[in-house]
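S.K.: Let chain A serve as the given structure and place chain B on it in line with the hints.
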Amino acid sequence: MPRVVYDPSVSSIVVDLLLEAADGKSSLLIPVVLDTGASLTIVATDLMAQLGYDPANPSLGRQRIVMGSGVEYAPRTTVRSATAIGQKVANLEVLCHDLPPESGVDGLLGLNFLKHFKLTIRFRKGIIDLTKER
Amino acid sequence: MAKRTLLSRQKIKAKYPNQWLLIEDYELDASTSLRKGRVLAHSKDREEIHRTLKKHTGNLCIHFTGSLPPDTGVIF
Chain A
22 MPRVVYDPSV
32 SSIVVDLLLE
42 AADGKSSLLI
52 PVVLDTGASL
62 TIVATDLMAQ
72 LGYDPANPSL
82 GRQRIVMGSG
92 VEYAPRTTVR
102 SATAIGQKVA
112 NLEVLCHDLP
122 PESGVDGLLG
132 LNFLKHFKLT
142 IRFRKGIIDL
152 TKER
Chain B
422 MAKRTLLSRQ
432 KIKAKYPNQW
442 LLIEDYELDA
452 STSLRKGRVL
462 AHSKDREEIH
472 RTLKKHTGNL
482 CIHFTGSLPP
492 DTGVIF
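Protein chains in written order, with the numbering used here: chain A, 22 to 155; chain B, 422 to 497.
Rather than coming from a laboratory, the hints here were simulated on the basis of the structure.
All C-beta atoms, glycine included, are put in the ideal place defined by N, C-alpha and C.
Be aware that a few hints might be false.
Once the Cα atoms are required to be at most 27 Å apart in a straight line, the calculated BS3-like pairs of lysine-lysine come out as [said to hold, decoys possible]:
1. B:Lys475 - B:Lys432
2. A:Lys153 - A:Lys139
3. B:Lys424 - A:Lys109
4. A:Lys46 - B:Lys436
5. A:Lys146 - B:Lys424
6. B:Lys457 - A:Lys146
7. A:Lys109 - B:Lys475
8. B:Lys436 - B:Lys475
9. B:Lys475 - B:Lys434
10. B:Lys465 - B:Lys476
11. A:Lys46 - B:Lys424
12. B:Lys434 - A:Lys146
13. A:Lys146 - B:Lys475
14. A:Lys136 - A:Lys153
15. B:Lys465 - B:Lys432
16. B:Lys476 - B:Lys424
17. B:Lys465 - B:Lys475
18. B:Lys434 - B:Lys465
19. B:Lys457 - B:Lys476
20. B:Lys457 - A:Lys46
21. A:Lys139 - A:Lys109
22. A:Lys109 - A:Lys136
Taking CB as the label site, the calculated pair distances span [said to hold, decoys possible]:
23. A:Ser30 - B:Ala435: 11 to 21 Å
24. B:Ala435 - A:Pro121: 36 to 46 Å
25. A:Gly45 - B:Pro438: 31 to 41 Å
26. A:Ser32 - B:Pro438: 32 to 42 Å
27. B:Ser464 - A:Gly89: 23 to 33 Å
28. B:Pro491 - A:Tyr94: 32 to 42 Å
29. A:Glu123 - B:Lys424: 13 to 23 Å
Bound-form chain A, shown alone:
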C-alpha cells in the first residue's frame, strides 16, 4: 500500500509530486503541500514552462482562484501525468501559480488529484495512505 510517513509535529504536510513533461520524455519531481482545501493542483509557473507546458500561451484558460490572500487568476493547463504517494493520475489539470519561497514548496497537491483515491491521514502518527477505492 502506498504510504508516506512524515513528522507529525510539522505545520504542513509536504509530499513529492512527479510531473511528466509535455513531450513525455522527461519528468520533474517537486515538493508540494498536500492540501485538501485546494480544489485544484498548483505548480510554479516557471517549472511548468520547463516541462514544456507554455503557461504564457494566451489561448490557455485562466482560472479564478480564491486564496487566503484574495482573488487571483492563473493559467490552467493539463499535464500528461502526475504521480504522488505512489498513485498516478493521467491528464491532470494544473494551475500555474507561484507560492512564496518561504513556503518550502513549489506547489499544492489539490483535490482534483486526491479525489481519485481513498486518502487516510493519521495525524497523530504522521502516516498518509492513498489507495484506490474498490
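M.R.: Positioned in the frame of chain A, the structure of chain B alone reads:
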C-alpha cells in the same frame, strides 16, 4: 568531469541543511518519495535553483531540506 556521489535522502539533508537542491539520477521509493540522488546544485535561494534547472534536461528533482520555523503557520 567526475560524477557526483549518489547520496541517500538522509545524507543529502545532513550535508545541505535548510537549502533548495537540484538533483539528478534520483531514485524514488514506492510512495514516489525521493530515496537517493546526485546533487547538481544547492542554494538558500529557490529562484537560483529554478534558474539552474533551465540549464539542464532529463529527469530532475527539486528538493528542499528545510522546514518552516515552529512559530510559522501556513494558509494558502
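S.K.: Decide, hint by hint, whether the structure agrees.
M.R.: Hints and how they fare:
| no. | hint | result |
| --- | --- | --- |
| 1 | B:Lys475 - B:Lys432 | holds (26 Å) |
| 2 | A:Lys153 - A:Lys139 | holds (6 Å) |
| 3 | B:Lys424 - A:Lys109 | violated (31 Å) |
| 4 | A:Lys46 - B:Lys436 | violated (31 Å) |
| 5 | A:Lys146 - B:Lys424 | violated (39 Å) |
| 6 | B:Lys457 - A:Lys146 | holds (24 Å) |
| 7 | A:Lys109 - B:Lys475 | holds (25 Å) |
| 8 | B:Lys436 - B:Lys475 | holds (24 Å) |
| 9 | B:Lys475 - B:Lys434 | holds (23 Å) |
| 10 | B:Lys465 - B:Lys476 | holds (19 Å) |
| 11 | A:Lys46 - B:Lys424 | holds (23 Å) |
| 12 | B:Lys434 - A:Lys146 | holds (22 Å) |
| 13 | A:Lys146 - B:Lys475 | violated (38 Å) |
| 14 | A:Lys136 - A:Lys153 | holds (10 Å) |
| 15 | B:Lys465 - B:Lys432 | holds (18 Å) |
| 16 | B:Lys476 - B:Lys424 | holds (17 Å) |
| 17 | B:Lys465 - B:Lys475 | holds (18 Å) |
| 18 | B:Lys434 - B:Lys465 | holds (13 Å) |
| 19 | B:Lys457 - B:Lys476 | holds (22 Å) |
| 20 | B:Lys457 - A:Lys46 | holds (21 Å) |
| 21 | A:Lys139 - A:Lys109 | holds (13 Å) |
| 22 | A:Lys109 - A:Lys136 | holds (12 Å) |
| 23 | A:Ser30 - B:Ala435: 11 to 21 Å | holds (19 Å) |
| 24 | B:Ala435 - A:Pro121: 36 to 46 Å | violated (26 Å) |
| 25 | A:Gly45 - B:Pro438: 31 to 41 Å | holds (35 Å) |
| 26 | A:Ser32 - B:Pro438: 32 to 42 Å | violated (18 Å) |
| 27 | B:Ser464 - A:Gly89: 23 to 33 Å | holds (27 Å) |
| 28 | B:Pro491 - A:Tyr94: 32 to 42 Å | holds (34 Å) |
| 29 | A:Glu123 - B:Lys424: 13 to 23 Å | violated (33 Å) |
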